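*Asks:* One-letter residues, chain by chain:
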Amino acid sequence: MILVFCAFGVWILGWWLNSRLASGPYADTRVVRFLAPMIFGATVILIWELLVNGLEVSLVILPAPSVIWDRFWDSLPILWADFVQTIIKGAFSGYIIGCGAAFLMAIAVDRWDFLRLGLLPVGNFVAALPIVGTAPILVMWFGFDWHSKAAVVVVMVFFPMLVNTVAGLREATTMQRDLMETYAASYWQSFLKLRLPAAMPFIFNGLKISTTLALIGAIVAEFFGSPTLGMGFRISTSVGQLSLDMVWAEIVVAALAGTAFYGLVAMIEKAVTFWHPSQRG
Amino acid sequence: MKQVVAVLTVIAAIVALWYGSCVPMNIKGVLTELERGGAEVQPPSAKERRDMSEIGLTLNNSFAIPATWAQDRPRLPAPHQVAVELWETTILKKITSKRSLIYHAWVTLSATMLGFAIGTGLGILLAVGIVHSRVMDLSVMPWAIVSQTIPIIALAPMIIVVLYSVGIQGIIPKAVISAYLSFFPVVVGMVKGLRSPDAMQLDLLQTYSATKGQGFWKLRLPASMPYLFTSLKIGIAASLVGAIVGELPTGAVAGLGARLLAGSYYGQTVQIWSALFAAAILAACLVGVLSVLERNILRRMGMAQ
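Going down the list, the protein sequences come from chains A and B. Just so we're aligned, residue 1 is where the first sequence starts under the numbering used here, counting upward by one. Just so we're aligned, residue 1001 is where the second sequence starts under the numbering used here, counting upward by one.
The reader is advised that the hints may include incorrect statements.
[To be verified] Only some residues are given here: those of chain B computed to face chain A with a beta carbon under 10 Å:
#1 K1002
#2 Q1003
#3 A1064
#4 E1085
#5 L1086
#6 G1215
#7 K1233
#8 V1253
#9 L1256
#10 G1257
#11 G1263
#12 G1267
FYI, nobody ran anything at the bench for these hints, they're computed from the structure. Every value quoted in this text rests on a predicted model; they were computed, and no experiment measured them. Just so it is clear, CB atoms sit at the ideal spot from N, CA and C, and this is done for glycine as well.
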């Protein structure tokens, strides 16, 4: 019971600290902007730990963070193997193939007006559909190994990427295009020097949306059949064995991988589109 | 008019491509069946056929092409097979039947709608809190943004099992998954929307000596509507995915996800494809309803472009 009161105390302390920081004189500095979410996160984890221990919540309902942490370090080799299987082989290769294919398709769509008129509404429509549903079919076609997961990822990222890239390639204004015309620039010159750079913010938007989709596709596809490793496989079998600490360890890996993947793309974006207003100031 | 022609051309091309790929995808199975039925097949032995490419087999046995569009359990069912299955399991079956897709779609839809309502409601509440409280903005908002980069759907199997072990089952676990999938997009979109009035407009309200509540109801909330609808459309698609995925790990007996899973266990490809199309139609209808609502509400508010 004491631990439960401690949890309550931690909550009040965290709240007080953050409200002091938020209304203090340094509220807009970078340090506070970094510190406040960290304090919030630490408070949540502490409360979780104290409540689980204090109320003696069973391990099969919610393991304490310390248990998950131990499990994470104890099973690093397994987690690493799962990470390689699902993220590197499945999600990453599918992401590259899918985004690359969508990019080439977008150039074709942009070149021929008829394709744009016809394909874009279809693409917009498909982008809103529950494409994860194709997973059982693709697993049946490409086998249980990572090839089928990569195929699911390709299908999932293709349309969001296509729609975004096509929107981006139309971003250059008529005035700018006319200027290229007066320079007697060929199609490819004006494409490489004007329209592609102008499209970059949109392309990166598509790439960033696709990172999350890629991970979702690769993990969910493993629920339909996989070799005996992979994050989706581990999650579904560990849930079956009620070893929830393992499930949470996999979720930690998924969260880290997702954030790192997104962060990587965001970093490349920052380097490529340094000129865009959203990247300045 | 030109647009309609273009869309129809693209759709026709997709269907033609689909029929075309049925031939090489299914030819091996078809030839095996035909050989068992006593037909002349080139080359005659199964071993030689296994080593040949699908295209070569098709060229050698062009008489078998129509059969590739009428198999019982094809690797890739032809469009008309899927259409017939959809027709038979929606219109011709009673909706109370376990084999009716409308029944399965309703099971999934009810979980989706419940989860969507919960997720959207909580999301809007949190967004209001974030906009009005500096503390929450600083401490919670970064996590809401980071959470969008995480494949939170990985939590789905665990939520189902944990809720089951504390005695909750049926529609609630699926609705919980739907709820948290639609929650974060709504929070992020709604915060953006509630912040969209510019300083000039806020100053104007100040000169009217409007209270904070009045500012919220008369300026911030109306201004956030376009953002809200954009994120609602993302949210409902995510909710549907959540409900479908929520049916997978426990081997649920009803719902579109269960239909997909059962189809993949028993190799009933036509069933998988029809469930997939049912899910697609459902998603399209949900997004379509929201679009109609959006257009009407925004026009009433004088905000439609």
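*Asks:* Each hint should be assessed against the structure and marked as holding or not.
*Replies:* Outcome of the hint check:
With 10 Å as the threshold, the beta carbon of K1002(B) comes within range of chain A, its nearest partner Cβ sitting at about 6 Å, so the hint holds. Proximity of Q1003(B) to chain A holds as hinted, the smallest CB-CB distance being about 5 Å (cut-off 10 Å). Interface restraint check: A1064(B) against chain A, minimum CB-CB distance 21 Å, threshold 10 Å, status violated. With 10 Å as the threshold, the beta carbon of E1085(B) stays out of range of chain A, its nearest partner Cβ sitting at about 14 Å, so the hint is violated.
Because the smallest distance between the Cβ of L1086(B) and any Cβ of chain A comes to about 14 Å, over 10 Å, the interface hint for this residue is violated. Taken as an interface hint, G1215(B) does not check out: its beta carbon lies about 20 Å from the nearest beta carbon of chain A, beyond 10 Å. For K1233(B), the interface hint holds, since its Cβ comes within 10 Å of a Cβ in chain A; the closest pair sits about 7 Å apart. The interface hint given for V1253(B) is violated, since its Cβ lies 17 Å from the closest Cβ of chain A, which is over the 10 Å cut-off.
At about 8 Å, the closest approach between the beta carbon of L1256(B) and any beta carbon in chain A falls short of 10 Å, and the interface hint on this residue holds. For G1257(B), the interface hint holds, since its Cβ comes within 10 Å of a Cβ in chain A; the closest pair sits about 8 Å apart. Taking 10 Å as the C-beta cut-off, the interface hint given for G1263(B) holds, the closest approach to chain A being about 7 Å. With a least beta-carbon distance of about 8 Å to chain A, the hint placing G1267(B) at the interface is held under the 10 Å criterion.
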